[in-house]
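Please put together the full structure from these sequences, using the hints given.
Heads up: the protein sequence lines correspond to chains A and B, in order. Per full-length UniProt numbering: the first sequence ends with 299, consecutive numbering throughout. Per full-length UniProt numbering: the second sequence ends with 299, consecutive numbering throughout.
Rather than coming from a laboratory, the hints here were simulated on the basis of the structure. Keep in mind that a hint or two might mislead.
Stretch-level coverage of chain A by chain B, calculated; a stretch enters the list once three of its residues show a Cβ under 8 Å from a Cβ in chain B [claimed, not checked]:
(1) 178-184
(2) 287-294
Heads up, incomplete: computed chain A residues facing chain B, CB under 8 Å, no partners named [as the list claims (entries may be wrong)]:
(3) Ile199
(4) Ser247
(5) Ala251
Beta carbons: idealized from backbone N, C-alpha and C, even for Gly.
Chain residues, written in single-letter form:
2 protein chains.
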Amino acid sequence: MSAPDAVRVMEVGPRDGLQNEKTILPVADKIALVDRLSACGLPAVEVTSFVSPRWVPQLADAEQVLAGISRRPGVDYPVLVPNLVGYQRARAAGADSIAVFTAASEAFSQRNTNASIAQTLERFAPVLEQARADGVRVRGYVSTVLGCPYQGEVALDDVVQVASALHAMGCAEISLGDTIGVGTPAKARAMLRAVAGQIPMAQLAVHFHDTYGQALANVLACLEEGVRVVDAAVSGSGGCPYAKGASGNLASEDLVYLLHGLGMHTGVDLAALAATGQWLSGLLDQPNRSRTGTALARQ
Amino acid sequence: MSAPDAVRVMEVGPRDGLQNEKTILPVADKIALVDRLSACGLPAVEVTSFVSPRWVPQLADAEQVLAGISRRPGVDYPVLVPNLVGYQRARAAGADSIAVFTAASEAFSQRNTNASIAQTLERFAPVLEQARADGVRVRGYVSTVLGCPYQGEVALDDVVQVASALHAMGCAEISLGDTIGVGTPAKARAMLRAVAGQIPMAQLAVHFHDTYGQALANVLACLEEGVRVVDAAVSGSGGCPYAKGASGNLASEDLVYLLHGLGMHTGVDLAALAATGQWLSGLLDQPNRSRTGTALARQ
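Dropping the structure here:
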């Protein structure tokens with residue numbers, strides 16, 4: 001494992017997790033979730049989404065959640081925004097860090113956002129411009145980097161091109177997402193290597209879903225390749241809209257267990273994180289999807 | 001990934017899976033399970049255990065199960081035996097391949113088998129001698145290779161010593177088991193490397209439990225290290241007696257999905273395997289613990 005041996009865990013449960021759960025939590029629970037997560041020592045917690053409530057009713061209370069959290073110094077609290085209107089809503093609500101999202105698959109972009117990849121990038125141009133003027137950090141998500149539920153295979157070149165476009169527009173970090181969890185380690189490694197040929201590895205993150213149980217093995221391959229930012233969601237919340245009932249995001253607890261076992265520093269208190277995942281699973285009235293979380297809760 | 005690119009998947013569900021499930025299946029279902037598994041193209045299916053029914057009531061019907069299966073040419077059908085009496089029972093029932101088991105942790109051996117490691121090895125001496133005379137293949141399991149529920153850390157030297165003793169006694173293959181699933185990839189790799197310093201890699205297998213969600217990442221590290229035999233249980237059956245309600249064996253479906261994604265040959269029909277895991281989960285009246293199996297069933 002190459003130095004440095006510190007990994008930044010980006011906690012996406014409050015956004016990518018909750019937006020795909022059928023249970024809608026009250027505002028107070030969402031605020032408590034974010035505050036518990038930052039108290040665990042996580043360096044970054046994605047708080048919510050300013051995508052229209054018509055599309056994501058689970059996060060219709062974005063303003064209230066963002067206003068309600070207790071910000072810890074040094075913790076990054078990005079919120080997802082779809083366009084300039086969303087950006088302005090987010091800023092008015094106090095956001096100082098945002099994330100934008102597009103896809104490497106044209107078919108997915110069309111079906112998921114009703115826009116071509118090129119159109120989504122056009123939408124982001126004024127957002128990135130304004131963010132630069134405002135001193136707001138921007139993270140860019142590229143989804144379907146290892147496969148698409150509509151078109152199947154996604155060409156490496158398409159991933160590289162979209163990631164490079166986001167980078168050129170000013171995204172400080174690009175998160176490469178296997179949205180449907182179909183990837184395996186050799187493919188994940190090759191994809192990361194291709195993107196890292198164009199963008200410094202320090203600006204790349206990986207984002208795996210555990211639909212086929214491959215997420216942590218993919219993370220390992222990408223760590224070996226040099227990535228040092230990994231997305232995950234506490235208790236593996238999120239499910240998969242393309243395989244109903246299947247597993248969702250990589251569970252943060254399983255990731256942190258792996259990283260600590262590899263001797264890598266995260267700053268995260270695993271016991272506190274596991275307790276938070278167990279608490280969240282109770283609120284969502286579902287089994288804890290983190291295996292580490294489940295094991296620690298049963299000890 | 002080094003050549004050769006074929007991996008032998010040892011299916012342990014009918015034994016290591018079922019012996020840790022509270023639901024006891026009827027003989028006919030156990031026979032059907034073994035036959036469905038061999039029909040999936042698995043090269044080896046561990047059928048049952050001839051450990052005393054007082055210790056493993058789930059497998060008290062070992063004779064009937066072994067007599068009832070339809071043997072496919074070329075498939076290895078080992079059964080677990082604890083001592084010479086067990087060996088003779090197994091042979092009388094038609095076994096032509098067996099497995100013996102001990103531990104790398106002295107504390108675990110004492111509590112689990114009421115005997116020291118040295119005593120278990122002494123018990124195996126006449127078993128191995130008779131097996132050699134009978135032309136019976138013997139697999140040796142070493143449990144707790146990455147941690148023990150009683151003593152905690154297990155020294156690498158202890159793992160190497162026990163594995164070497166089994167090898168010297170004539171075991172054709174040594175399966176290195178992380179019984180409680182606490183291991184992570186760097187430790188798994190170091191353990192395998194240490195053992196492979198004494199025993200040819202071709203005679204080693206790895207056996208991971210998914211208690212902390214690390215099993216597949218550990219497999220990946222060990223594949224990179226050169227191992228080409230991996231144990232797994234369909235639908236991730238088995239649970240973990242040391243963390244009640246936690247996940248059990250690595251699911252065969254998730255393993256095969258990984259291997260095929262890495263371009264490695266297994267001979268296994270993944271769709272048929274996933275259907276078998278889904279069927280077994282129904283019989284056991286529990287959620288399918290294979291993520292690949294769950295995803296494939298929901299498509």
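Cut-off 8 Å, beta-carbon criterion: hint that A:Ser247 touches chain B
Check passed: Cβ of A:Ser247 comes within 5 Å of chain B, closer than 8 Å.
Does the stretch 178-184 of chain A contain three or more residues whose Cβ lies closer than 8 Å to a Cβ of chain B?
holds (count 3)
Does A:Ile199 pass the interface check with chain B, least Cβ-Cβ distance below 8 Å?
25 Å, violated
Using C-beta distances, would you say chain B covers the stretch 287-294 of chain A, given that this needs three or more residues below 8 Å?
Held - the stretch 287-294 of chain A has 5 residues with a Cβ nearer than 8 Å to chain B, which meets the minimum of three.
Per-residue hint verdict: A:Ala251, partner chain B, C-beta under 8 Å:
7 Å, holds
Violated hint: 3 only; the structure is consistent with all others.
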